[in-house]
Amino acid sequence: MLKNLQVPIVFIITHMGLIFFLYPTDLIASSKETQWVPIFTGFLFQLAIMAVYLKGIRLFGNENIIHVLMKKSRWLAWATLLPVLLHLGIIAVLTVRIYAEIISIIFLSNTPLWILMCLLITIPTYIVMHGGVRGLMRTGLLLSLLFLISILFVLAYAFQNIDPRYALPLLPDDPKDFSFFVHPSYYKCLFAFSGCFLFLGFVPPYVAYKPKTVFIASLLLLPLFLMAVYIPILTLGEETARQLEFPFIFTIDTIEIDWLMFDRVTMFLVLSLLAFIMLFISLVFWLLTNIFRHSIKDLKPKILVPLVSVLTFGVCLFIPDLETTEEFLQWETILLGYVSIVTPLVVLFAGRHHFKQMKREIK
Amino acid sequence: MKMMLMRMVAVVLLFLLSGCWDNKDINHRSLPIAMGVSYNQGSYTIYLDIPSVTEDEEKIQIISDHGDSINEVIDHISMNMESQVDLLHLKVILVDKAFAKHGLSEGIASIIRSRYIAPKTMFVICDEPLDHFFQHIDASSTDDGTAIYDYFQKNAGWSPDIAYTPTWRIFRSIHSYTNDVVIPMIKSGDSTVIKSTGSAIMKNGKMVGKLTNEETLLYNVFNGVNTQGKIEVMGHATVQIVSSRIGNRSSLEQDQPRLRSTVHLKITVMDTRGNPSMVLIKKELQELVTREFMLLFQKVQKAGADVFGLGQHFRDDLTRPQLARWRTDYLPNMKVDLHVKTIVRNTGNLKARK
Amino acid sequence: MSIAAELQRHFVHDNDFILRQIHLGNEVIAVMGLKTLIDFPQTISMIRDLIQVDDLADHDMRDVVVGLGDDCSSHVFEKLVTEIQLGMLLVVHENSETCVSLIPVPQTLSRSISAPLTENSISGSNSAFNESMETNVGLLRKYTNADDLQLKTYMFGSTVKNRVTVSYLKGAIDPAFLQTLIEAIESRLHLEVNNLQDFTKVLGLSSFNLITHYHTTEMPQSAMRALRNGRAVLFIERVPFALVLPSLFADLYMSEDDNNLTPIYTVLLRLLRLFGILTTLIAPGLYVALVSVNPDVLRFELAHSIAKSRLDVPYPAIVETLLLLIVLELLMEAIIRLPSSIGPTVTMVGGIVLGQAAVSAKLVSNLLIIVLAVITISSATVVGIQNSQSLRVFKYLLLFLAAAFGVLGLMSGLVVLCSYHAGFKTFNLPYLQSTKPKGD
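Protein chains in written order, with the numbering used here: chain A, 1 to 363; chain B, 1 to 354; chain C, 1 to 440.
Certain hints may be false.
With the Cβ distance kept under 8 Å, some of the chain A side facing chain C (calculated, not the full set) [as the list claims (entries may be wrong)]:
| # | residue |
| --- | --- |
| 1 | Ile-127 |
| 2 | Gly-131 |
| 3 | Arg-138 |
| 4 | Leu-142 |
| 5 | Leu-143 |
| 6 | Leu-146 |
It should be emphasised that the hints constitute simulated quantities derived from the structure, not laboratory data. It should be emphasised that the depicted structure is a prediction, and the values quoted were computed from it without experimental measurement. All C-beta atoms, glycine included, are put in the ideal place defined by N, C-alpha and C.
Let the hints inform the model, and build the full structure from the sequences given.
Right, dumping it as structure tokens:
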């Protein structure tokens with residue numbers, strides 16, 4: 001069903017899961033005015049690495065990138081894949097931990113955290129084990145059909161209390177407006193831009209897609225990036241939004257809809273986003289096991305996937321509080337930067353080489 | 001087969017292990033609809049208005065207690081009640097004047113911090129001692145005790161000469177450089193349950209002045225709240241504002257902010273005395289609104305509270321440090337030119353003199 | 001020993017075995033068969049009609065007999081026994097040692113074509129498949145007037161024998177899928193096939209599933225549509241419906257008869273069914289979640305009135321809901337078991353119990369009765385009996401998760417269900433596809 005659209009849809013919805021929670025907090029913390037400048041900078045960064053990455057992937061055709069890299073140069077492969085593995089492992093742990101905390105803050109305050117983390121790990125594990133990556137992509141399709149409507153509904157209502165004048169001044173006239181480059185939390189929010197583009201390189205042997213559709217999908221994300229930051233700012237003002245842990249969610253909490261039988265529409269938004277986050281976690285799990293199997297040891301997924309999830313759970317239990325998590329996230333940005341710049345470049349160069357080699361062989 | 005069994009066992013275990021921590025049936029929760037907070041030298045007294053859940057007699061339950069912090073008092077009440085107090089459905093928070101004058105910042109912050117109380121909860125100042133007010137509500141409640149909630153519901157009892165201020169707006173006004181709010185003020189009525197006594201001008205979460213009901217209507221008109229308020233025009237006519245629109249043009253001249261505002265009012269004539277002409281009614285209305293507004297503006301300017309959000313128009317002209325000084329440096333010097341343009345949409349079933 | 005005598009000895013304990021000698025001119029032929037399956041008087045007169053005594057002078061008797069039916073003189077003895085068991089008439093000409101099996105006038109042992117029993121059609125053809133393989137295949141042929149319709153019939157079992165017919169459109173079906181299907185069937189011909197569980201084993205599919213591998217239908221037009229879309233349609237003798245393989249997600253909400261309406265109504269109806277499916281799944285869980293875990297999601301007025309209606313209910317919402325749901329399941333099962341003359345009584349009594357009485361006795365809340373009614377109504381909108389059974393089970397998963405985690409649990413349940421459907425495969429064909437199955 002809609003085979004060519006599966007990958008772009010998964011690309012969009014996993015990003016949606018990441019965009020609305022931590023990203024606005026970090027971005028607002030990093031700049032005081034003209035927030036669209038850092039947003040666009042991040043977005044262009046995403047487009048650039050995506051363009052390089054997709055170009056490289058296309059050169060590989062339907063071949064498994066890991067295999068080709070391994071064959072070409074073990075040293076290069078390890079320099080690329082080991083950081084990726086580490087990065088994915090950290091992402092899995094942090095995502096589970098942060099979102100468990102978010103669930104606890106937003107709706108289940110009495111439920112112990114480990115149960116919530118368990119839930120956030122078991123379901124993705126099930127998704128990966130039951131259907132593999134193909135099943136995962138189809139799950140993404142179904143989830144988007146089920147949950148996108150409610151998200152769009154809530155987003156449409158989010159404009160209820162805005163005051164456009166809070167967006168002023170529109171043009172940056174002060175060199176201070178570019179000070180976000182030196183603010184550490186700006187690099188934290190790049191996570192939302194480059195958090196999950198990596199999977200694009202590893203699915204082609206299993207699920208086919210057209211690079212163009214993914215590129216269009218990432219363009220569709222731009223309004224979401226803008227909304228996630230600008231809706232809280234336009235509703236509350238920058239000074240107020242800065243005070244809040246999750247400004248976007250708080251802004252949604254201020255929406256009043258007279259005719260609906262439900263009082264808190266936030267719930268619909270957060271639930272839908274959490275469904276997408278579960279998909280994101282399962283994607284990370286799959287990537288981890290997939291890279292592990294093709295580069296280190298080909299264990300059966302039946303053993304490897306539960307192993308990865310139990311490990312993730314174990315590490316999650318050792319993180320004491322949200323602050324430590326955020327600190328980890330800050331350190332992770334270095335790895336994130338390395339992975340999101342080096343991997344696309346390596347893939348592009350290796351792809352070129354591979355492509356030429358294939359041509360020569362055909363001749 | 002084995003796999004399936006394992007999965008089933010896992011699901012059952014999940015259910016058994018999850019002792020349902022957040023699982024508490026709705027009929028075992030007390031859902032207060034209004035909370036009164038009075039503050040007296042570091043000690044809070046909390047009143048809760050809980051519509052009681054019984055089948056035959058609809059009544060409300062007023063419970064009060066005091067302690068050092070809001071949360072402590074609520075825990076205390078919860079302990080002593082037969083069901084758990086859940087503030088999830090709190091709709092109105094009442095504070096007494098003393099608390100409002102002392103400053104609401106901390107109270108608001110703890111409300112915003114709490115995941116239980118929704119940020120759209122209405123915030124109201126009570127113009128009389130809270131115990132008297134709650135006694136009155138208890139005595140005069142005939143329905144299921146939601147009177148105070150309905151009073152502020154836009155699709156129920158709310159009317160345009162009452163301010164409409166959810167908690168998050170107050171929170172915004174505390175932190176924002178250029179936005180203050182007014183909070184409705186009420187007291188117990190003689191023939192009705194609740195009587196509006198105007199609204200309080202808040203500056204950074206502190207009450208600094210008071211508006212009458214008529215001024216509140218103008219405030220609502222100026223802030224673009226879609227109102228349907230009635231205005232008496234100089235003894236010649238009563239008109240109803242059907243819709244209002246406002247256009248602002250801002251300029252900064254040598255650190256003196258100027259705002260040219262044009263208010264477009266669409267009105268219908270309700271009744272007339274002495275057969276005045278439409279032109280007269282329009283003229284009188286324009287004069288009246290302009291005069292009243294200028295008075296209102298002076299009042300606000302004197303209080304130093306930007307309840308109209310006028311500073312918002314200068315966000316492009318001032319730098320951020322300047323904006324931070326908006327209330328002290330710029331607002332007192334500000335000049336507002338108000339023009340009122342009126343369109344009489346219809347005159348009801350009767351014709352009127354041109 | 002002659003064939004006739006040998007067969008008679010084989011069937012000596014079967015009272016319904018009949019052996020008759022028929023004299024035709026100078027020749028004698030023996031006819032034999034089971035009288036429970038064959039209408040003998042009619043059959044004998046048919047044979048007499050077929051063989052004119054005058055002709056015997058010109059032709060050899062052997063040739064005349066062979067002309068009657070399939071020559072099985074060279075068959076082994078067991079095969080002859082099978083022929084008789086299948087209800088064929090054996091004609092033996094002793095002199096030339098010729099043995100022929102021919103299609104007799106059968107006893108009528110199956111019902112005539114009638115309206116479908118488990119599916120209702122208001123905008124399409126109303127003939128339904130029944131227990132007879134010939135009728136079913138005939139109906140299918142009549143509805144699918146295509147050149148490349150191919151049928152393969154297999155005989156399963158060693159002691160209890162049964163026939164299975166596989167039909168498909170050569171041009172439409174995925175060759176890889178057809179090959180795996182045929183290989184699976186041909187490798188297990190020794191197994192007995194009496195019901196669908198047996199058949200699942202034959203196909204080598206996993207049997208512990210909550211959704212089916214094959215969609216069953218009574219309607220020839222649905223079977224025809226499935227064939228056109230490249231699916232295989234299978235018939236098992238004595239099973240009164242066609243099995244469409246593989247079953248797909250679209251079977252949940254698409255019915256062939258929808259295409260007799262204008263396209264707008266087709267789309268609207270299908271959306272309605274999808275909405276019904278979602279309602280059935282979510283409603284009980286949502287009730288429990290909103291009543292006991294997340295009452296803040298509800299509007300105050302609603303929360304207040306629910307609290308009032310649940311006032312004296314002594315147990316938690318999950319127990320309350322389970323209790324009533326189980327009574328409902330019992331009622332649905334009881335109505336199937338009971339003869340139609342007693343059925344209405346049960347419906348009435350059940351209606352009273354599930355209705356006002358339970359509420360007045362303060363056993364359940366008012367709202368739950370409404371929720372229950374909604375579930376019952378909406379669960380009937382799904383297409384196909386087997387699909388509605390899956391839904392009946394799935395809603396419990398969501399119910400339990402909702403009791404533990406509230407609306408979050410409900411959402412997790414939906415994610416699990418989505419992933420279950422998305423990962424489900426039949427012969428490497430994913431379940432989650434629209435009408436035309438394609439390989440992964």
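Structure-based check of each hint:
no.	hint	verdict
1	Ile-127	holds (4 Å)
2	Gly-131	holds (3 Å)
3	Arg-138	holds (4 Å)
4	Leu-142	holds (4 Å)
5	Leu-143	holds (6 Å)
6	Leu-146	holds (6 Å)
Checked against the numbered hints given earlier, the structure satisfies every one of them.
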